[in-house]
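These protein sequence lines map, in sequence, to chains A and B. Numbering-wise (this note's numbering), the first sequence opens with residue 1 and increments by one. Numbering-wise (this note's numbering), the second sequence opens with residue 264 and increments by one.
Because the hints were derived from the structure by calculation, they are not lab data. Please note: incorrect hints may appear among the correct ones.
So, partial list: chain B residues that the calculated Cβ filter (under 8 Å) puts toward chain A [claimed, not checked]:
1) His274
2) Arg278
3) Tyr288
4) Leu297
5) Arg320
6) Ala323
7) Pro328
8) Gly331
9) Trp356
10) Val364
11) Gly387
12) Met390
13) Val393
14) Met413
15) Ala415
16) Asp416
Cβ-Cβ distance ranges computed for the label pairs, FRET-style [claimed, not checked]:
17) Met440/B to Leu150/A: 47 to 57 Å
18) Gln16/A to Ser296/B: 29 to 39 Å
19) Phe15/A to Phe284/B: 47 to 57 Å
20) Phe284/B to Ala54/A: 40 to 50 Å
21) Lys471/B to Leu35/A: 55 to 65 Å
22) Gly446/B to Ala233/A: 54 to 64 Å
23) Ala140/A to Phe284/B: 53 to 63 Å
Listed next, the stretches of chain B that the computed footprint assigns to chain A, with coverage defined by at least 3 CB atoms under 8 Å from CB atoms of chain A [claimed, not checked]:
24) 343 to 349
25) 366 to 379
Just so you know, these numbers come straight off a predicted model, no measurement behind them. Just so you know, even glycine gets a beta-carbon here, dropped at the ideal spot from N, CA and C.
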Amino acid sequence: MHRNKSSFDAVYRIFQVSWLRALMGLKAESRGTRLGYLWWIIEPAMHLAVYYLAFGVLLKHGGDDYVAFLLVGIVHWLWFSKSIMNASQSILVGRGLILQLPLHTGIFPLAEIFRDLMKQIIVVVILLLILSVMGYLPSAYWTIYPFIFLLQILLTLPCAGLVAALMPFIPDLRVIVPACLQLAMFLSGVFFSGDLVPESFHWLLSLNPAYLLLEAYRDILIRQQQPDWHMLATLLVALLFFNIIVIALFGRFNRQYARIIQE
Amino acid sequence: MTCLLEMHDVHLAYRLRKSLFRSDYHPVINGVSLKVHQGQRLGIMGHNGAGKSTLLRLMAGIYAPDRGRVTNHGARVSLLSLQAGFDPRLNGWDNALLSGVLMGMSPKEVRLRLKGIHEFSELGDQMNDVLGTYSSGMRARLGFAVALAMEADLLLIDEVLSVGDQDFQEKSEKAVMHAVNQGCAMVLVSHSPIKLKKWTDSVLTFEKGIICPPAPEKVGTSA
Numbered sequence: 001m002h003r004n005k006s007s008f009d010a011v012y013r014i015f016q017v018s019w020l021r022a023l024m025g026l027k028a029e030s031r032g033t034r035l036g037y038l039w040w041i042i043e044p045a046m047h048l049a050v051y052y053l054a055f056g057v058l059l060k061h062g063g064d065d066y067v068a069f070l071l072v073g074i075v076h077w078l079w080f081s082k083s084i085m086n087a088s089q090s091i092l093v094g095r096g097l098i099l100q101l102p103l104h105t106g107i108f109p110l111a112e113i114f115r116d117l118m119k120q121i122i123v124v125v126i127l128l129l130i131l132s133v134m135g136y137l138p139s140a141y142w143t144i145y146p147f148i149f150l151l152q153i154l155l156t157l158p159c160a161g162l163v164a165a166l167m168p169f170i171p172d173l174r175v176i177v178p179a180c181l182q183l184a185m186f187l188s189g190v191f192f193s194g195d196l197v198p199e200s201f202h203w204l205l206s207l208n209p210a211y212l213l214l215e216a217y218r219d220i221l222i223r224q225q226q227p228d229w230h231m232l233a234t235l236l237v238a239l240l241f242f243n244i245i246v247i248a249l250f251g252r253f254n255r256q257y258a259r260i261i262q263e
Numbered sequence: 264m265t266c267l268l269e270m271h272d273v274h275l276a277y278r279l280r281k282s283l284f285r286s287d288y289h290p291v292i293n294g295v296s297l298k299v300h301q302g303q304r305l306g307i308m309g310h311n312g313a314g315k316s317t318l319l320r321l322m323a324g325i326y327a328p329d330r331g332r333v334t335n336h337g338a339r340v341s342l343l344s345l346q347a348g349f350d351p352r353l354n355g356w357d358n359a360l361l362s363g364v365l366m367g368m369s370p371k372e373v374r375l376r377l378k379g380i381h382e383f384s385e386l387g388d389q390m391n392d393v394l395g396t397y398s399s400g401m402r403a404r405l406g407f408a409v410a411l412a413m414e415a416d417l418l419l420i421d422e423v424l425s426v427g428d429q430d431f432q433e434k435s436e437k438a439v440m441h442a443v444n445q446g447c448a449m450v451l452v453s454h455s456p457i458k459l460k461k462w463t464d465s466v467l468t469f470e471k472g473i474i475c476p477p478a479p480e481k482v483g484t485s486a
């Protein structure tokens, strides 16, 4: 317990500990298999190959851009859903540590988010390579990519944080969260584009941040056009608010977790 | 004499969930007040289940009290938590780094102490092996070496230090004594009066959630 430290130091320490925990987690993970670090490349590559074969080669489904459309959707959706699933259990998994040391509870979901973030960077590189091979060559629009990537991080952080924070209070979420994620996947346009949805429901789609992000990725990577900047700016403001709320929630409940986990 | 940590009328009850809306409360700490001063070696004696570990967790800032105050006057409090955050898939160095950082040091501080940790743990070349291959004694030695590397003002120890073989036990006892002689305060909780007498300069009895009054003549004296 460091009472005399400023809040900046406290935040810095949360990031430092989470980062180290994420790095060590990745290291430990790779030790568990024979191919080790290579899996970070092989696993997503296999994943993408399966979708490519199933939809691009076997089914020849849905028009020229469909395979690329699908790959971009899948890669970014899986990142979001994996981060949430991994973070959701993190506080319960960290039970032993929470009872042993005065740690900030935010460390646990944050470490999981960092871990998936680092893996995702490799996945994105593979995706961009595949897209280039498929004929979607790099363009100036690709420079917008980091901004949308960052927006997605801003979406993942509070969603994952919220689920992780609630899980110890409501263990039933363990069953509810995967079901919700699956539903959200179908509602976020991973498999379809907006023009397949009746005009009267478009307002509903534009309320879904995941859909907006996936479309923005596709705009710059596939359609070679500017994303809907107005929408993205609104999203940025909304996400910043969401982040602040979840951070406040962690500040409020942080010291209760040791008790809740124990009881 | 500087006061490091102060507990004022601290209460804590665990909640036992019976059903969706019904829960019972099991009081563990019922109004404990105490002070820990610099260089003090305080022993707290209590039976199994008396709430000794809960008391230490309150001191360490892991639990927040239901009622009352736990005031830390800027002391680095360390609950001697052996093997915190150890991962069987990582080697000794990585585990020492991870555990040290979780205990409150910065990665830089731990790296500076790694050599000392390695020496103290007597692991030799096996430090490069994965923790999963260690015996429980070896793990405990590494855990103790890391915990000791952390420079604390107040060391909280749950039960006696029985780590590794006889030699290592003596060595760790000496190391803790050394830290105490350097001015580090210590709170040791145990159910064994003999150990407490050997290790501490004042002993409080903790029963039914309160500190019992006997043996006041030595309470609060310094080392």
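Here is what the structure says about each hint:
1. His274: violated, 13 Å
2. Arg278: Holds, because the Cβ-Cβ distance from Arg278/B to chain A comes to roughly 5 Å (cut-off 8 Å).
3. Tyr288: violated, 10 Å
4. Leu297: Where the cut-off is 8 Å and the nearest Cβ of chain A is about 17 Å from Leu297/B, the hint is violated.
5. Arg320: holds, 7 Å
6. Ala323: Holds. Min distance 6 Å.
7. Pro328: With a closest approach of 10 Å, the Pro328/B hint is violated.
8. Gly331: violated, 14 Å
9. Trp356: violated, 11 Å
10. Val364: Since chain A brings a Cβ to about 5 Å from Val364/B, closer than 8 Å, the hint holds.
11. Gly387: violated, 21 Å
12. Met390: For Met390/B, the interface hint is violated, since the closest Cβ of chain A sits about 16 Å away, which is over 8 Å.
13. Val393: holds, 7 Å
14. Met413: violated, 11 Å
15. Ala415: violated, 11 Å
16. Asp416: violated, 11 Å
17. Met440/B to Leu150/A: 47 to 57 Å: holds, 53 Å
18. Gln16/A to Ser296/B: 29 to 39 Å: About 36 Å separates the Cβ atoms of Gln16/A and Ser296/B, which means 29 to 39 Å holds.
19. Phe15/A to Phe284/B: 47 to 57 Å: violated, 39 Å
20. Phe284/B to Ala54/A: 40 to 50 Å: holds, 49 Å
21. Lys471/B to Leu35/A: 55 to 65 Å: For Leu35/A against Lys471/B, whose Cβ atoms are near 58 Å apart, the range 55 to 65 Å holds.
22. Gly446/B to Ala233/A: 54 to 64 Å: holds, 57 Å
23. Ala140/A to Phe284/B: 53 to 63 Å: Since the Cβ atoms of Ala140/A and Phe284/B sit about 60 Å apart, the hinted range of 53 to 63 Å holds.
24. 343 to 349: Contact hint for the segment 343 to 349 of chain B vs chain A: holds, 3 residues under 8 Å.
25. 366 to 379: That given contact holds, which follows from 4 residues of the segment 366 to 379 of chain B lying within Cβ reach (below 8 Å) of chain A.
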